[in-house]
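Generate coordinates for the entire structure from the input sequences, incorporating the hints supplied.
Protein chains in written order, with the numbering used here: chain W, 4 to 460; chain V, 186 to 381.
Certain hints may be false.
To be verified - If you want the footprint, here are the derived chain W segments under chain V, 3+ residues with CB under 8 Å:
#: 1; segment: 314-325
#: 2; segment: 343-355
#: 3; segment: 398-405
As the list claims (entries may be wrong) - A few chain V residues that don't get close to chain W, going by computed Cβ distances all over 10 Å:
#: 4; residue: Asp233
#: 5; residue: Gln239
#: 6; residue: Gln355
Worth flagging that the hints you see were computed from the coordinates, not collected in a lab. The beta-carbon is built from N, C-alpha and C at its ideal position, and this holds for glycine as well.
These are the residues of each chain, in order.
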Amino acid sequence: MRAPDCGDGFSCGDDGSCVEATGGEGDTCLSEVQCMPGLACMLSPETHGVDPLTAACTDEYVGHIAGSACSKDLDCRDGTCAMGRCIDLCQDTRDCAAGMVCTHIPRVELGTKMFAGCLQATGTIAWNLPITSPHQTVPLAVPESAQAVSISMRVDDPNQMVGVIRVDGPNPSTTEPLLLYERGVYGNSIRHRPALGQSVLAMPSTPDVTFSAGRYLLEVTSLSGPNYDPTQGDFGTATPIATAVAKLDQNVSLDLHFFFLNLDDHPCAAAFDGGTLDATSAVAGSFKSRFQNTLSSYLAKSDVALGSVTYQDLKDHPDLDGPSLANVNDLLKLGTYSVGINVFFVRSMSPAGVQAFGPNPGPAGLASTDDVSLQSGIIISLDSLCYESWEEVARLTTREIARYMGLYNNVELDGHVDPITDSDALSTNLMYFSEVGGGTELSPDQKLILSRSPVLR
Amino acid sequence: MKIWPIALALFAGSVSAASLELPTNVQLVLTLIDAVPTPSQLDLAFNDHAGAAQGLAAIATDSGAIDAASRSARLHAISALATYCAMPCNELDPAHVALVSIIQNTTAESTGFDAIVLRAAIEALGPQRVGTDLQLLVDQLQNPSRDVRTAVAHSLRDLCNTNAIAPLRQQQQNETSDQVKQAITEALRVLGQAPC
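Okay, structure coming up:
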């Protein structure tokens with residue numbers, strides 16, 4: 004039994020009984036259930052130097068109910084808009100509707116203060132960041148219940164770069180930024196670099212740094228090209244579009260959506276059952292028994308459970324049957340699923356030798372049809388089957404999935420090592436950059452980062 | 186910032202790669218999974234640019250590569266040769282000679298790994314822009330593999346020789362694969378705007 008089951012103006016007592024609220028207009032309150040019908044417990048616009056924020060029973064606005072999309076407080080009947088949702092104030096999860104939890108949420112408009120509000124208990128929540136210029140610092144609310152947050156950014160001009168060049172954390176006593184562009188990609192506790200057209204910042208990048216709730220400040224910018232230096236003020240002209248996605252639970256189930264380009268008459272068809280591989284034949288045979296089951300076992304070894312799998316043909320895109328690295332975005336634009344990861348199986352990739360491609364990290368929780376996302380998915384080249392086994396292709400696919408979910412190469416060709424401190428630089432690691440070694444291992448902290456990815460449900 | 190010498194972290198010596206014994210750094214740079222080795226990475230692995238050109242040509246033409254990693258290295262080496270013939274590329278340059286040799290030796294292939302090798306060599310040949318390669322490429326428009334024919338269309342586009350327009354148009358009339366037709370259309374569009 005939850006308070007909303009009792010109706011407006013009632014709380015739910017310890018014994019499950021409905022208790023009529025007594026809070027009149029102007030009375031201070033901590034929860035929506037303390038205010039009489041027609042009144043809402045609204046945050047004061049002033050902080051009064053206290054924490055949590057003070058609130059009072061106030062006439063409801065003409066607006067949306069809790070949980071509805073909003074862009075400002077006035078959009079909500081109860082007068083509080085946070086993370087793009089109308090939020091009811093609460094003291095206890097019992098004050099919130101079924102499926103919701105009472106958690107602390109930053110009131111980013113008023114600095115670093117937090118309030119207790121009802122938020123969905125599971126899944127992910129996505130909201131747009133209010134960016135109106137090519138270079139802007141925006142607040143990001145990270146609720147207490149968030150396991151991780153992913154910020155996906157894009158600009159309409161594919162020749163411009165976009166990304167975050169500074170992140171300040173929620174702890175006001177710590178002035179050291181969590182990310183500073185000039186420190187380089189390996190010098191920050193959050194691993195991120197601006198990229199052409201689209202980029203993703205995923206927090207946390209490593210469990211070594213405590214990921215805490217609160218208001219983060221992100222300096223988001225476009226850059227006119229790869230050779231422009233934001234530290235010299237070389238900002239771009241395109242206004243970034245950014246969406247935040249927060250994972251609110253500890254579920255570790257990964258949905259995969261398999262898309263098959265036209266694989267007829269494939270040079271490696273000897274690896275296909277009966278020489279054919281498409282959405283129909285993939286549900287059985289070698290694809291299922293050797294690829295999918297192996298993939299599932301590698302994921303399980305990484306503490307991720309394979310969830311639902313869908314199969315779909317993409318036969319009417321002949322120009323994308325064998326994409327080059329220059330036009331992979333055209334294919335990834337067809338990634339229509341926002342939950343899980345879209346996986347595209349193509350005939351080949353150019354230049355030859357490239358066996359897979361995917362954004363690192365990927366826009367978790369967003370489909371290509373969402374406003375911000377361009378590259379929603381990973382691409383697997385099946386001409387590898389002329390010299391690799393299905394099991395090895397499954398390993399490469401697992402690695403690409405892990406990159407999409409926020410892991411990086413454990414070591415780079417130039418010797419740089421991933422900042423996750425308990426991961427090694429060995430070729431036995433799944434995230435090894437080369438196929439030499441055939442690694443399938445992940446360190447405990449690498450697994451922890453995977454388990455927090457917003458692609459999981 | 187930590188930098189670990191890869192050779193120390195992984196292997197102490199060289200790695201066997203079929204008929205060629207590849208130094209560890211070469212093996213690693215040519216077995217990237219989801220990236221293309223840059224010329225600077227290759228030059229570093231082979232000690233210098235000249236060494237890279239020579240080494241890549243040797244690996245690319247090594248048909249004795251049998252295990253998966255060696256075959257992957259061979260494909261990367263073939264692809265890399267596209268940029269290892271100094272412009273204007275001389276047809277006797279080792280990077281060019283290697284690609285022509287591969288095409289001639291695999292010309293009848295339409296399935297299996299050799300067909301992938303053929304496709305890789307065809308793709309790498311066009312960007313070298315040696316005019317005399319036109320007929321070698323045009324002949325492959327008759328290859329039974331639509332992947333090879335698609336690669337030919339891309340390569341003729343990159344070759345940027347307007348003499349390719351006629352055979353491409355003819356192939357467009359007879360072509361049954363939509364994938365190849367799309368590639369030919371794209372090639373004709375680029376060639377129609379020559380100089381590329």
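So, going through the hints one by one against the coordinates:
no., hint, verdict
1, 314-325, "holds (count 4)"
2, 343-355, "holds (count 5)"
3, 398-405, "holds (count 3)"
4, Asp233, "holds (17 Å)"
5, Gln239, "holds (19 Å)"
6, Gln355, "holds (20 Å)"
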